[in-house]
Amino acid sequence: VSTLVLAEHEGGSIKAPSVSAVVAAKSLSEDNSISVLLAGSGSSLQEAATHAASCHPSISQVLVADSDRFSYPLAEPWAKLVHLVQQKGGFSHIIAASGSFGKNILPRAAALLDVSPITDVTEISGSHQFVRPIYAGNALCSVRYTGANPCLLTIRSTSFPVPSMPADSKSNVAPISQVDLSAFGEDTICKSRYLKHTSQDSERPDLGNARVVVTGGRGLKNAENFKMMEKLAEKLGAAVGATRAAVDAGFVPNDLQVGQTGKIVAPELYMAFGVSGAIQHLAGMRDSKVIVAVNKDADAPIFQVADYGLVGDLFEVVPELLEKLPEKK
Amino acid sequence: MKIMVAIKRVVDYAVKIRVKSDKTGVETQNVKMSMNPFCEIALEEALRIRESGLASEVVAVSMGPTQCVDTLRTGLAMGADRAIHVDTTAALYPLSVAKLLKALVDVEKPGLLILGKQAIDDDCNQTGQMVAGLLDWPQGTFASKVVLDKEKQVATVEREVDGGLETLCLDLPAVITTDLRLNQPRYATLPNIMKAKSKVIKKFTPQELNVEIKSDLEVVQVTEPPKRKAGVIVSFCGRADRQA
Numbered sequence: 001v002s003t004l005v006l007a008e009h010e011g012g013s014i015k016a017p018s019v020s021a022v023v024a025a026k027s028l029s030e031d032n033s034i035s036v037l038l039a040g041s042g043s044s045l046q047e048a049a050t051h052a053a054s055c056h057p058s059i060s061q062v063l064v065a066d067s068d069r070f071s072y073p074l075a076e077p078w079a080k081l082v083h084l085v086q087q088k089g090g091f092s093h094i095i096a097a098s099g100s101f102g103k104n105i106l107p108r109a110a111a112l113l114d115v116s117p118i119t120d121v122t123e124i125s126g127s128h129q130f131v132r133p134i135y136a137g138n139a140l141c142s143v144r145y146t147g148a149n150p151c152l153l154t155i156r157s158t159s160f161p162v163p164s165m166p167a168d169s170k171s172n173v174a175p176i177s178q179v180d181l182s183a184f185g186e187d188t189i190c191k192s193r194y195l196k197h198t199s200q201d202s203e204r205p206d207l208g209n210a211r212v213v214v215t216g217g218r219g220l221k222n223a224e225n226f227k228m229m230e231k232l233a234e235k236l237g238a239a240v241g242a243t244r245a246a247v248d249a250g251f252v253p254n255d256l257q258v259g260q261t262g263k264i265v266a267p268e269l270y271m272a273f274g275v276s277g278a279i280q281h282l283a284g285m286r287d288s289k290v291i292v293a294v295n296k297d298a299d300a301p302i303f304q305v306a307d308y309g310l311v312g313d314l315f316e317v318v319p320e321l322l323e324k325l326p327e328k329k
Numbered sequence: 330m331k332i333m334v335a336i337k338r339v340v341d342y343a344v345k346i347r348v349k350s351d352k353t354g355v356e357t358q359n360v361k362m363s364m365n366p367f368c369e370i371a372l373e374e375a376l377r378i379r380e381s382g383l384a385s386e387v388v389a390v391s392m393g394p395t396q397c398v399d400t401l402r403t404g405l406a407m408g409a410d411r412a413i414h415v416d417t418t419a420a421l422y423p424l425s426v427a428k429l430l431k432a433l434v435d436v437e438k439p440g441l442l443i444l445g446k447q448a449i450d451d452d453c454n455q456t457g458q459m460v461a462g463l464l465d466w467p468q469g470t471f472a473s474k475v476v477l478d479k480e481k482q483v484a485t486v487e488r489e490v491d492g493g494l495e496t497l498c499l500d501l502p503a504v505i506t507t508d509l510r511l512n513q514p515r516y517a518t519l520p521n522i523m524k525a526k527s528k529v530i531k532k533f534t535p536q537e538l539n540v541e542i543k544s545d546l547e548v549v550q551v552t553e554p555p556k557r558k559a560g561v562i563v564s565f566c567g568r569a570d571r572q573a
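Protein sequences appear in the order of chains U and D. Just so we're aligned, residue 1 is where the first sequence starts under our numbering, counting upward by one. Just so we're aligned, residue 330 is where the second sequence starts under our numbering, counting upward by one.
These aren't lab readings, by the way, just hints derived from the structure by calculation. Since we're looking at a predicted model, the values are computed, not measured. Careful, some of the hints might be misleading.
Claimed, not checked - Pair ranges (Cβ atoms, derived):
1. U:175 to D:544: 36 to 42 angstroms
2. D:353 to U:250: 40 to 46 angstroms
3. U:316 to D:558: 26 to 32 angstroms
What the hints assert, rightly or not - Calculated lysine to any residue pairs in the SDA-like style (CA-CA distance at most 20 angstroms, straight line):
4. D:352 to U:138
5. D:474 to D:490
6. D:558 to U:266
7. U:221 to U:245
8. D:558 to U:276
9. D:361 to D:516
10. D:558 to U:301
11. U:324 to D:564
12. D:556 to U:290
13. U:289 to D:563
14. D:558 to U:308
15. D:556 to U:269
16. U:289 to D:560
17. D:558 to U:305
18. D:481 to D:378
19. D:556 to U:304
20. U:196 to D:496
21. D:352 to U:123
22. U:191 to D:479
23. D:474 to U:253
24. U:191 to D:465
25. U:191 to D:496
26. D:543 to U:128
27. U:196 to D:491
Said to hold, decoys possible - Only some residues are given here: those of chain U computed to face chain D with a beta carbon under 7 angstroms:
28. 76
29. 103
30. 104
31. 116
32. 119
33. 134
34. 138
35. 143
36. 146
37. 199
38. 309
39. 310
Glycine included, C-beta positions come from ideal geometry on N, C-alpha and C.
Let's have the full structure, built from the sequences with the hints guiding it.
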């Protein structure tokens, strides 16, 4: 068993979901030889490679593809890169985290390799048997991969938490080697070009990895009221989430959406305010450790999954909560 | 320019699904079936592009058993010009669908292929990316805005990604997969439903398209997810306060 992990990096370090992909790779088999593939250009890539080399003790090598082609994570050159690296490395598995990066690239690479990928794996039952949710998490499907190598997976990072490493585990540093890109050829004129990226700059923790998530739904009524969620999140050191209804109504941008088609979260504490609990929303948060829900409607489906439910007006509850919570230290 | 749209027949999004007691799958007998919501958005986008004069024809494509024709009729009633049904009872995984779509692209030569980003039954989110790879076309997945430039033969696509919105410029022909916020699909009006009855649905078999349907995946079992244990309803804010 040997695995190639497609990793994302930002600001000179490898992203947390990609480390989860390494954890998933480790659970395929104890004697798995794990290679991490990073692509990009310039010094931040080399920094990220150094970080990747020591971010998890079971990584046996870090492969780096340094070229202007990879300045942005476009699917076209990335899929070709995966194909190239696979031809040389002959890996039995290729894994990426199931974010917008992995979902965009991995199926394209699978098509080039003529194999069926498996999306959103939540449990690894054996080296070729996996569990994944279907129908927005209302059923779990256990599938066996019977095709030729490699077996391609995207994994839900919330299902493969990264154990905290003791400080001295840094002793294990994997070797870093550069991918020979000469086979890429000069003729590949890029058919897609990156123009720009817009994001909300936020001091708060990342929604996908936060320990506490405060989510607002349609019940917040407008963007102005939604700011209460942000205040609450600030006091709790939480990330802010939203339902599809709240995003569609324009209260908040799309990247805050939790659900079947948005982010999948599994924090220690999930607090839902004015969220009715459509199955598509529950699909994105049902694995949270503790769920707290506040809703006016006692029959709202959210109460069927909540550990603690409060039937009441969030416009009374949230201000009271804000008042009683201590200031963040 | 011609636009091809792939549409899938799935269990209606409002149906509460039931797992079969023998764990072989999800009950689909006597259950309301509809067009996958993301595919509706894909079709709507194609129709709007045609209505703005940037495309001449919209061809809807579906694959699977005979009943897919009903879904195609819905697509024709929404406004697609004609339809293609690839008739097969074989289990279709995204790789096979992508190969069949590629074969149809070779026949129809569209300038744009639009798909939903995922089907709400298997939640795979793969087909668009795979067919783009097979065709060696650029891809704009999870699109929330599409602007075509006929002169330059490019599509500018705004995509919903983890950290916000990303904008790409794709050379045509290209593959686009749709996210929820791209548009609001229209309803078919009664006159259009009547008109749709006389529109052409061409039938192909996978053999005619020279695609061998093989599968490298095997469903072992389908089960219900573990139930969360019942929680408690608290009556005042103080409790929730301490919990936080």
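Hints, verified against the model:
The beta-carbon spacing between residue 175 of chain U and residue 544 of chain D, approximately 39 angstroms, falls within the hinted interval of 36 to 42 angstroms. Roughly 43 angstroms separates the CB atoms of residue 353 of chain D and residue 250 of chain U, a value that falls within the hinted 40 to 46 angstroms. Take residue 316 of chain U and residue 558 of chain D: their Cβ atoms lie about 28 angstroms apart, and the range 26 to 32 angstroms holds. Annotation: proposed proximity of residue 352 of chain D to residue 138 of chain U holds, straight-line Cα distance about 13 angstroms (limit 20 angstroms).
Between residue 474 of chain D and residue 490 of chain D the alpha-carbon distance is near 13 angstroms, which keeps this suggested pair within the 20 angstroms criterion. Among the hinted pairs, residue 558 of chain D with residue 266 of chain U is consistent with the structure: their alpha-carbon atoms are about 16 angstroms apart, no more than 20 angstroms. Distance check on the hinted pair: residue 221 of chain U and residue 245 of chain U sit about 10 angstroms apart at the alpha-carbon level, within 20 angstroms; holds. The straight-line distance between the Cα atoms of residue 558 of chain D and residue 276 of chain U is roughly 19 angstroms, inside the 20 angstroms bound, and the hint therefore holds.
Annotation: proposed proximity of residue 361 of chain D to residue 516 of chain D holds, straight-line Cα distance about 18 angstroms (limit 20 angstroms). Distance restraint check for residue 558 of chain D and residue 301 of chain U: the Cα-Cα separation of roughly 14 angstroms lies within the 20 angstroms cut-off, and the hinted pair is therefore satisfied. For the given pair, residue 324 of chain U sits about 16 angstroms from residue 564 of chain D by alpha-carbon distance, which is consistent with the 20 angstroms threshold. Taken as a hint, the residue 556 of chain D and residue 290 of chain U pair is honoured in the structure, with Cα atoms around 14 angstroms apart against an allowance of 20 angstroms.
Restraint check for residue 289 of chain U and residue 563 of chain D: the C-alpha separation of about 18 angstroms stays at or below 20 angstroms, so the hint holds. Taking the CA atoms of residue 558 of chain D and residue 308 of chain U, the gap is near 11 angstroms; set against the 20 angstroms cutoff, the hint holds. A distance of roughly 18 angstroms separates the Cα atoms of residue 556 of chain D and residue 269 of chain U; the hinted pair therefore holds under the 20 angstroms criterion. Straight-line distance between C-alpha atoms of residue 289 of chain U and residue 560 of chain D comes to about 12 angstroms, which keeps the hinted pair within the 20 angstroms bound.
Simply put, residue 558 of chain D and residue 305 of chain U have alpha-carbon atoms about 8 angstroms apart, close enough for the 20 angstroms limit, and the pair holds. For the hint pairing residue 481 of chain D with residue 378 of chain D, the CA-to-CA distance comes to about 16 angstroms; that is within 20 angstroms, so the pair holds. Of the supplied pair hints, the one linking residue 556 of chain D and residue 304 of chain U holds, its CA atoms being roughly 10 angstroms apart against a limit of 20 angstroms. Taking the CA atoms of residue 196 of chain U and residue 496 of chain D, the gap is about 5 angstroms. The hint holds against a cut of 20 angstroms.
Simply put, residue 352 of chain D and residue 123 of chain U have alpha-carbon atoms about 18 angstroms apart, close enough for the 20 angstroms limit, and the pair holds. Restraint check for residue 191 of chain U and residue 479 of chain D: the C-alpha separation of about 16 angstroms stays at or below 20 angstroms, so the hint holds. About 14 angstroms separates the Cα atoms of residue 474 of chain D and residue 253 of chain U, which keeps this hinted pair within 20 angstroms; it holds. Of the pairs offered as hints, the one joining residue 191 of chain U and residue 465 of chain D holds, with about 9 angstroms between alpha carbons and a cut-off of 20 angstroms not exceeded.
The suggested pairing of residue 191 of chain U with residue 496 of chain D holds, with an alpha-carbon distance near 14 angstroms, which does not exceed 20 angstroms. The hinted pair formed by residue 543 of chain D and residue 128 of chain U meets the criterion: a straight-line CA distance of about 18 angstroms does not exceed 20 angstroms. Note on residue 196 of chain U and residue 491 of chain D: the hinted pairing holds, with a Cα-Cα distance of about 14 angstroms set against a maximum of 20 angstroms. The beta carbon of residue 76 of chain U is positioned within 7 angstroms of a beta carbon in chain D (closest approach about 6 angstroms), and the interface hint is therefore held.
Of the supplied interface hints, the one on residue 103 of chain U holds, with its beta-carbon coming within about 5 angstroms of a beta-carbon of chain D, less than 7 angstroms. Checking residue 104 of chain U against chain D: minimum C-beta separation of about 5 angstroms stays under 7 angstroms; hint holds. Annotation: residue 116 of chain U was flagged as interfacial toward chain D, and the flag holds, the nearest CB pair being 5 angstroms apart, inside 7 angstroms. A distance limit of 7 angstroms between C-beta atoms decides the matter here; for residue 119 of chain U the minimum to chain D is near 5 angstroms, and the interface restraint holds.
The beta carbon of residue 134 of chain U comes within 5 angstroms of a beta carbon in chain D, closer than 7 angstroms, and the hint placing it at the interface holds. With its C-beta approaching chain D no nearer than about 5 angstroms, residue 138 of chain U sits inside the 7 angstroms limit, and its interface hint holds. Among the interface hints, the one on residue 143 of chain U holds; its C-beta lies about 5 angstroms from the nearest C-beta in chain D, closer than the 7 angstroms criterion. The closest approach between the C-beta of residue 146 of chain U and any C-beta of chain D is roughly 5 angstroms, which is under the 7 angstroms cut-off, so the hint is satisfied.
For residue 199 of chain U, the shortest C-beta to C-beta distance to chain D is roughly 3 angstroms, which falls under 7 angstroms, so the interface hint holds. Because the smallest distance between the Cβ of residue 309 of chain U and any Cβ of chain D comes to about 5 angstroms, under 7 angstroms, the interface hint for this residue holds. Evaluation of the residue 310 of chain U hint against chain D yields a held restraint, the C-beta minimum of about 5 angstroms falling below 7 angstroms.
Hint compliance for this structure: every hint is met.
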